[in-house]
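*Asks:* As a plain string of letters, each chain reads:
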Amino acid sequence: MDHVLKMGEKSGRAEVVENAAAHERQLVRRAQQGEVAAYEELLAKNQQRVFSVVGGILRRREDIEDVAQQVFVKAYFSLKRFDLRSAFGTWLYKIAVNECWDYLRKKKVRRLVYEADMSEEQIRQLQGVSEQPFGALRSPEDASKRLEQRELVERLLSELDEQDQAMLVMKEVEGFSVEEIGETLGINVNTVKVRLFRARGRLVEIYRRRLKGATVDSKSKSGNP
Amino acid sequence: MWNTKKNNTECEPYEVRLADAVDGAAERGQDLSLGADLAAHLATCANCREGVEGAELSRALLRWGLEPTMGARPGFMARVFAAIRAEEEIQTAQKTSFWRPLEHLASRVALAACAAVMVMSFYIYAFVAPHATSQDVTELVQQPDTQQPQTPDEVLISLAERANVR
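Residue numbers (this note's numbering), protein chains in the order written: chain W, 79 to 303; chain F, 37 to 202.
Treat the hints as calculated values from the structure; they're not laboratory data. Be a bit skeptical, because a hint or two may be false.
[Claimed, not checked] Now the in silico label distances, taken between C-beta atoms and shown as ranges:
#1 W:F160 - F:T45: 34 to 40 Å
#2 F:E46 - W:V267: 16 to 22 Å
#3 W:Q104 - F:D67: 43 to 49 Å
#4 F:A76 - W:R183: 40 to 46 Å
#5 W:R91 - F:S69: 26 to 32 Å
#6 F:K131 - W:K123: 30 to 36 Å
#7 W:E140 - F:I126: 22 to 28 Å
#8 F:M106 - W:T168: 22 to 28 Å
#9 W:K123 - F:E63: 24 to 30 Å
#10 F:E103 - W:T168: 24 to 30 Å
#11 F:F158 - W:E118: 57 to 63 Å
#12 W:K158 - F:R144: 23 to 29 Å
#13 W:R287 - F:P49: 26 to 32 Å
#14 F:P49 - W:A92: 30 to 36 Å
[What the hints assert, rightly or not] Under the rule of at most 20 Å between Cα atoms (straight-line distance), these lysine to aspartate or glutamate pairs were calculated in the EDC-like manner:
#15 W:K158 - F:E124
#16 W:K290 - F:E89
#17 W:K152 - F:E124
#18 W:K186 - W:D239
C-beta: ideal position from N, C-alpha, C; glycine also.
Based on the sequences and whatever the hints tell you, model everything.
*Replies:* Have a look at this one:
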């Protein structure tokens with residue numbers, strides 16, 4: 079009886095997914111015929127996800143809004159060429175990823191990284207991450223403190239390859255699954271898993287190296303052996 | 037550096053499974069449990085061991101420093117559609133511009149002129165221009181100069197001869 083119920087639940091869910099996909103296809107066709115309201119509905123449905131994709135790669139609020147706007151404008155003018163072979167969202171996220179890489183290439187935003195440029199307070203903060211049990215970390219209420227934490231993590235991330243940075247942030251912060259990351263970035267799922275696994279290891283290695291470098295530096299500044 | 041410790045391709049099949057195990061444990065909120073072969077690989081591979089040990093710390097680090105991207109601020113959609121309308125206006129203006137047919141014609145004329153120049157150059161090179169062979173050049177060089185009058189007498193004689201010829 080339980081088994082039959084579960085089967086029914088599964089087929090019910092599949093039906094809902096199929097209906098949603100059919101509705102989306104219908105919206106795309108209407109938008110392709112020039113119906114602005116249909117395009118508006120498509121955007122409203124995918125807006126948050128596009129922001130997450132762009133945010134995973136760029137991470138600066140002002141950059142994110144600018145690029146997201148470009149994505150939606152570009153998608154509008156390319157919509158007639160969209161052949162519905164993939165989901166509208168997948169197509170849109172690919173445009174978003176390409177726009178982000180273009181944006182980074184144009185701006186050449188790759189900040190310089192210094193080995194021992196952290197204050198003692200920052201070292202203490204970073205040390206706190208590894209000392210606290212997982213899950214016990216909370217974002218402080220203080221906005222300036224949050225900004226400082228963000229800057230510290232971005233400094234560590236900036237030493238990784240741009241695509242690895244995007245994958246890590248999409249997975250750990252924005253909540254994408256490895257399948258979604260693979261589809262969005264156009265990479266095989268197993269490659270995503272391997273790259274994520276290695277990128278995590280590298281991030282921790284950078285974290286430990288910088289922590290060690292900063293500790294040695296602050297000791298030598300204070301005259302301690 | 038991370039990559040130099042062990043051959044990455046050798047670890048790849050283990051890395052996929054280790055990544056699954058690490059993510060699975062994190063999602064379920066359980067301790068990591070590994071099969072015998074994975075545990076045996078971890079015992080011999082420092083890279084993978086660091087990867088597993090670092091997974092939790094990297095996750096904690098990223099969530100400590102970064103927050104999920106917030107949605108659009110109010111008025112974002114209006115800005116998007118304003119940008120679309122502006123772009124449409126530019127495209128329409130380009131299509132209906134007074135100079136557009138002229139620009140089109142000019143580009144065609146330029147293209148036709150280029151083609152004509154190429155055809156004419158080929159024709160002149162292949163059929164019209166005399167091709168001097170090396171033999172012709174040698175003969176030209178070796179031709180003796182016509183004798184020039186050397187003294188004032190010879191000049192007068194040559195002038196008289198020319199007058200007689202006329």
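*Asks:* A separate judgement is required for each hint: does it hold in the structure or not?
*Replies:* Hints and how they fare:
For F160 (chain W) paired with T45 (chain F), a C-beta distance near 38 Å keeps the hint of 34 to 40 Å intact. Take E46 (chain F) and V267 (chain W): their Cβ atoms lie about 21 Å apart, and the range 16 to 22 Å holds. Hint check: Q104 (chain W) to D67 (chain F), Cβ distance near 47 Å, so the stated range 43 to 49 Å holds. In this structure the supplied range 40 to 46 Å holds for A76 (chain F) paired with R183 (chain W), their Cβ-Cβ distance being about 44 Å.
A C-beta distance of roughly 30 Å is found between R91 (chain W) and S69 (chain F), which places it inside the suggested range of 26 to 32 Å. Judged by the Cβ atoms, the range 30 to 36 Å given for K131 (chain F) and K123 (chain W) holds: they are separated by roughly 32 Å. The hint said 22 to 28 Å for the Cβ distance between E140 (chain W) and I126 (chain F), and at roughly 24 Å that hint holds. In this structure the supplied range 22 to 28 Å holds for M106 (chain F) paired with T168 (chain W), their Cβ-Cβ distance being about 23 Å.
Distance hint check: the CB atoms of K123 (chain W) and E63 (chain F) are about 26 Å apart, consistent with the given range 24 to 30 Å. One distance hint, 24 to 30 Å for the beta-carbon pair E103 (chain F) and T168 (chain W), holds here, with the actual separation near 25 Å. For the pair F158 (chain F) and E118 (chain W), the supplied restraint of 57 to 63 Å holds, since their beta-carbon distance comes to about 58 Å. One distance hint, 23 to 29 Å for the beta-carbon pair K158 (chain W) and R144 (chain F), holds here, with the actual separation near 27 Å.
Taking 26 to 32 Å as the suggested C-beta distance range, the pair R287 (chain W) and P49 (chain F) conforms, at roughly 29 Å. About 32 Å separates the C-beta atoms of P49 (chain F) and A92 (chain W), a value consistent with the hinted range of 30 to 36 Å. For the given pair, K158 (chain W) sits about 14 Å from E124 (chain F) by alpha-carbon distance, which is consistent with the 20 Å threshold. Under the criterion of a C-alpha separation no larger than 20 Å, the hint pairing K290 (chain W) with E89 (chain F) is consistent with the structure, at around 18 Å.
For the suggested pair K152 (chain W) and E124 (chain F), the alpha carbons sit about 12 Å apart, so the restraint of at most 20 Å is met. Simply put, K186 (chain W) and D239 (chain W) have alpha-carbon atoms about 14 Å apart, close enough for the 20 Å limit, and the pair holds.
Checked against the numbered hints above, the structure breaks none of them.
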